[in-house]
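Trainee: Quick note, the sequences are listed as chains A and B, same order.
Counting in the working numbering, the first sequence runs from 3 upward without gaps.
Counting in the working numbering, the second sequence runs from 3 upward without gaps.
Note that these hints are calculated values from the structure, not bench results.
Be aware that one or more of the hints could be misleading.
Each pair may be met inside one copy or between any two copies, as identical chains are not told apart.
Said to hold, decoys possible - Listed below are the simulated DSS-like cross-link pairs for lysine-lysine, each with C-alpha atoms no more than 25 Å apart in a straight line:
1) K52 - K241
2) K52 - K186
3) K88 - K52
4) K241 - K186
5) K88 - K241
There are 2 protein chains.
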Amino acid sequence: MPSLEPYRNELDYSYAPGIFPAMECLLHRPESVRRLLVHSAAVGRDGIEKLIALAETHRIRIEEADRVLARISGKENCWAAAVFTKFSDILQNDCPHVVLHCPGDSGNVGTILRTALGLGIEDVALIRPCVDVFDPRTVRASMGSLFRLRVHVYDSFAEYRNTFSGRPLYPFMLDASVPMGEIKEVPHVYSLIFGNEGSGLPAEFAAMGQAVRIESNDKVDSLNLAIAAGIGIYHFASKGALV
Amino acid sequence: MPSLEPYRNELDYSYAPGIFPAMECLLHRPESVRRLLVHSAAVGRDGIEKLIALAETHRIRIEEADRVLARISGKENCWAAAVFTKFSDILQNDCPHVVLHCPGDSGNVGTILRTALGLGIEDVALIRPCVDVFDPRTVRASMGSLFRLRVHVYDSFAEYRNTFSGRPLYPFMLDASVPMGEIKEVPHVYSLIFGNEGSGLPAEFAAMGQAVRIESNDKVDSLNLAIAAGIGIYHFASKGALV
């Protein structure tokens with residue numbers, strides 16, 4: 003078995019660092035797990051025995067790998083990690099989607115994945131160019147939610163739109179004329195579209211579907227992307243009674 | 003003038019790293035600014051001339067300080083920072099408050115400050131033990147919002163409550179029986195109370211005011227603190243028409 007390389011976008015595998023994210027990976031994507039890495043001092047840590055038992059059930063190779071764990075997590079007290087093959091899902095056509103257009107921050111993407119799952123939206127599209135959704139920092143910020151969601155990365159928004167034509171689209175834009183609070187009726191399926199942290203969505207999205215803005219004042223340039231997504235997902239999910 | 007020390011909680015001053023956060027500091031708290039630090043390669047950067055002109059208007063000392071900037075920001079391309087004296091405000095009794103009970107993550111606190119300001123809540127209380135609200139990481143995550151808010155740190159929640167008795171309190175708790183969406187009428191003043199990232203609010207908060215929970219499923223342990231605060235602040239601020 004080849005030795006493990008430091009995480010890189012180009013690799014076809016990545017790491018889920020931490021006992022809890024590794025557990026989510028083994029519970030929900032066991033077929034994607036290549037190995038389980040365990041620290042030599044992990045014995046007795048909360049959850050570690052359950053994690054090892056789960057790996058054994060699935061006949062996943064378990065390795066003691068202190069140095070690799072320190073390297074991929076950037077800290078000394080990372081007790082376990084799953085090595086998993088990157089995956090690509092088919093999104094469900096009859097479910098609401100979150101679409102992240104060219105997100106640039108791994109932490110934001112992970113936080114949005116966690117929010118979407120917790121509020122009941124389980125299909126997430128990313129549009130390139132974007133950060134790697136399998137980056138260990140994303141996995142960690144998602145608290146392993148990545149492994150319970152359906153996720154697909156598209157080369158362009160046109161590709162996404164062609165794949166899922168006819169859905170109501172809600173681009174979130176700072177200068178949209180319709181405040182989100184005015185959306186009282188939410189359809190059964192829809193796509194909530196959020197732009198890049200710095201540049202937002204390109205202007206042409208204003209003509210796609212119903213652009214909305216989150217009501218805020220001009221004392222801040224904008225809300226943080228993950229916060230805006232959280233507020234938007236909550237509004238639509240609670241109106242549609244997903245949670 | 004004494005030399006500048008690396009940031010520490012114990013110092014009576016801190017740093018606002020980055021041109022935009024430094025600008026917010028000079029614009030809204032000029033009386034707190036001790037010096038403006040500028041990088042030798044900052045000439046021509048967006049906003050730097052306005053920043054220097056503002057410092058000159060307020061007769062604030064300007065220093066070239068490449069090494070200090072790299073040290074406080076942890077990166078090479080930090081073009082400016084304001085050195086400011088930590089401050090303590092008197093919160094407004096007739097305005098809504100956000101209360102952060104023992105927050106442990108500087109980035110979360112900064113993001114919540116930015117959200118509160120953008121959604122129209124301008125009074126923020128922190129309850130000890132908590133991270134330093136003046137930590138440069140908090141200032142940066144807040145995008146300088148810190149300097150436009152009224153902020154006060156209390157030794158205990160009892161101290162806060164005694165100072166502002168009689169206000170409606172809304173503790174956010176995972177196991178509260180009332181879903182937030184059921185709160186349709188929002189009073190003129192109120193306090194939204196959010197607990198620590200890991201442990202939430204202590205159980206006794208359930209008996210204070212009207213505890214509420216953000217409707218989410220059990221596929222995640224909880225929402226990220228800054229996300230929960232964003233969703234909560236948006237709900238109350240939009241019902242109360244603050245934005």
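Trainee: Each of the hints needs a verdict: does it hold here or not?
Mentor: Hints and how they fare:
no. : hint        : result
1   : K52 - K241  : neither (38 Å within a copy, 45 Å between copies)
2   : K52 - K186  : neither (45 Å within a copy, 44 Å between copies)
3   : K88 - K52   : within (24 Å within a copy, 47 Å between copies)
4   : K241 - K186 : both (7 Å within a copy, 14 Å between copies)
5   : K88 - K241  : neither (34 Å within a copy, 43 Å between copies)
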